[in-house]
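Model the full structure from these sequences, guided by the hints.
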Amino acid sequence: MKVTIKSWTGVATWRWIANDDNCGICRMPFDASCPDCKIPGDDCPLVWGQCSHCFHIHCIMKWLHSQQTSHICPMCRQEWKFKE
Amino acid sequence: MTEAVEDIFVRIERAFPILSEKLLHTKEECTEEEFANLAEDVRVLKLSQFVEDIVIHHIEQYIRWHVAPVFWEKFENTEDSKRGFELFKSAVDDLYSNLTEFLPLLKKLEYLRQNQDVVTDPSSVENDIEARFKLIVRATLLSQLPLYHECIIEHFYKIAFNVFCNSDNSSPDVSVNEIQCVGCAQEVENCQCQMIVYIFHETNRKLIELKLLERLVGNVLTSLIHIRIENHVIQTCDKTFDVSQLIPLENWLETVVMSWLIRIYSGGFSKTVTLSDEIRNAINKFKQKLSHFLYETYTKIRINHLFNIIIEYPESQPAVDDLRICLERTDQRKVLIKNLQEAIKTRLLHPGVNTPDIVTAYIAAIKALKHLDSTGVLLEAVTEPIKSYLRSREDTVRSVVNSLLDDSPSELADELVKGECLQLDDGSADDETEDWEKWMPDPVDADPAKSTQRKVSDIISTLVNVYGSQDLFVNEYRTLLADRLLSQLNYHTEREIRHLELLKRRFGENQLHYCEVMLKDVYDSKRIDGNIHSDTSYNLQRELFPTSALILSAQFWPPFKEDWKLKLPNIVQNQLNKYVKAFEALKGNRTLCWKPHLGNVSLEIELKDRKLDINVTPVHATIILHFQDKSEWALQDLAEVIHAPATVLRRKMTFWVSQGLLKETSNDVYVLQEESTSKNRLSTDIVEEEETESVMASASDQREEELQVFWSYIVGMLTNLDSMPIERIHQMLKMFASQGPGAVECGLPELRQFLDRKVREHQLLLSGSFYRLPKS
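Going down the list, the protein sequences come from chains U and X. Per the working numbering, the first sequence starts with residue 1, numbered consecutively. Per the working numbering, the second sequence starts with residue 1001, numbered consecutively.
There may be inaccurate statements among the hints.
[As the list claims (entries may be wrong)] Some chain X residues flagged as far from chain U (calculated, every beta-carbon gap over 10 Å):
1) R1014
2) T1078
3) I1551
4) E1604
5) M1735
[Said to hold, decoys possible] List time: in silico DSS-like cross-link candidates among lysine-lysine, alpha-carbon distance up to 30 Å:
6) K2/U to K1578/X
7) K6/U to K1565/X
8) K1074/X to K1206/X
These are computed hints drawn from the structure, not numbers from a lab. Since the structure is predicted, the reported quantities are computational estimates derived from the model, not experimental observations. Cβ coordinates follow ideal geometry from the N, Cα and C atoms, glycine included.
Encoded structure:
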């Protein structure tokens, strides 16, 4: 017997490669969107800081805008810098 | 003077023999002249009032002793209808002839009275001798009414009515008519119909003259006609619901029953013109009663068949229309509700009926009852049991969703498409203020607490609201959608998008947001798949076989059933890993987790004597790929290799066995069949059944998981507080566990179910009404 696979359609779920499951700001899963967004993934991406913490981009932007003096990471209180 | 007085009494007795208990003149007749003299004397003596009184008193006595007993003697309780007919006829005849003998007497009294000096008021009954006489007759007769008097009257009128009804049919059924006359049940040659009709009219005329008709016969007549109406209604209206019956019935009442009545009252003439006002009034009153009775009977019959009517709706709409008119005239709503509920309970709400059938019946009931009563009060009252029963069936929502999205024309699918227009109408017209002049109060049996909810609900909302919330419904739809998308796997989503748009109009964007993401996932997968395939780095490592993937946002899909993780063959796994690499390269910081048991594989299988092109699931493909390397597997070994439980694997094997590729040689050992034998092609029934299994965790499983959240709270509570009643637990949970976003709602009954299961699983103890943890 010879079995040839003509095509294989699989099913997979995507997820962010991050060190946590939930966004530390909105407490929603990273794989879901932030509360302001409807669609996860490309439309509501994650960003990483140099302190290695990551958040939904919309969440951290909101947080940074609300800080008057200095921009710090809400988790570790270090200065927030986007990871290149 | 005394002599004259004595003399005058002798003369009075001679003129009125009744005074000596004799009706007829035994000796010589009192001549006209003698009587005229007597009258003159009486007038002079002013004795006329006295004479009148004493004569009437004697008449009364005579009737009481002689006439009435003779009359009633004939009224025996007989079974023989012919005899009854004869008896009644002769009774009335005798009575009539007896009473006519009083006429000369009455005439004399009348004469006396006219000779009187005192002018009396002629309009009063007291002063009309004949009327007074008839009153006496009636009173005395009825005072001696025997127990079984209705028996022969009934026989009499039944026979007469039969004759009448059949003389009406101008073209009677010949075959029956040859042997027997339908009217009088006699042989045709000596048909007595004419005779009966004659006797009948004669008797009626006599009774009318004596003013006895209504008193004596009324009751019997009414009940006879009632029976007749009942029979007629049953005959004409049974089992046919597609024709309106009201107008034919009214016509029948008018032509048959009423014309018969008129004949009775008029003593043989069928024309109303000859009737006096009094009789016409009586007939009109009778007609009103009968017409009401007709409606009532018809309503009852329709109510008894209402369940069938509903099932046949809309074909049975004429019947519903009839019933609506009838309900307005007769007060039968309560009966209707009770009967219909009973019928529904015995015929619909039992385990033998499929849920889709119940749903279909429910839809028909909604439509029919809405038509019957536009306020929805009836609907609300009647369908309450259906609702609570549907709530207890697990597959209700599924079957509703299924029929909503059915491609073949179904009621609900139509309704869904129609629904969008409905919704739009509601938005534009503010009916609250515009139609105030047409406002109608709710019917009296309406539940005032629910008056506002009734107005807006259409069929779909009503069905969805069976559970009181849309959540369950939307969740079920999500599971169904997931199943469909995962079984299609071809990126074509136009149909689903259309359905989703329709549903969104009804349930709103928020509720269906998850589903929207799901569809977007499918759409995005297509794009990503295209990107990956055009990616150069991916193409360099040559594809062993075309691979594509459906990439899902796990958070938005219903949880998958994942009791075990399939281990794919290495070549496949490697290929999939490459795909993941390509994805990671395309989308930075993101990776894929395969659901190995999901998907679709197209295989080409070459055997010694045949070639097979087949589409299978990854599990099946994995199995057959392993048989490529080794043609004989013990179930247990294979199960270990592919990391599947043996029981599941055994079920999957049956697919290949039914395809004729594998054969179970001994217990749990499978061998590849290189050459086909027609014998081992089993029926594919088993397989198909298995294939339709949902890959999603069922709604109740999902719910279970949600409730599990509470369990830790409950354990905590009970550790601290020892034992608690369920109400208290519920309250605590509401306080602590059901707050914040994404909180799970949990009603008291559901909690009780949950706790009871925990008790069954020995994780809780229930003593009295208190729950506590078992001592470990």
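**Prompt:** Can you name, in rising order, the numbers of the hints this structure does not satisfy?
**Reply:** 3 and 4
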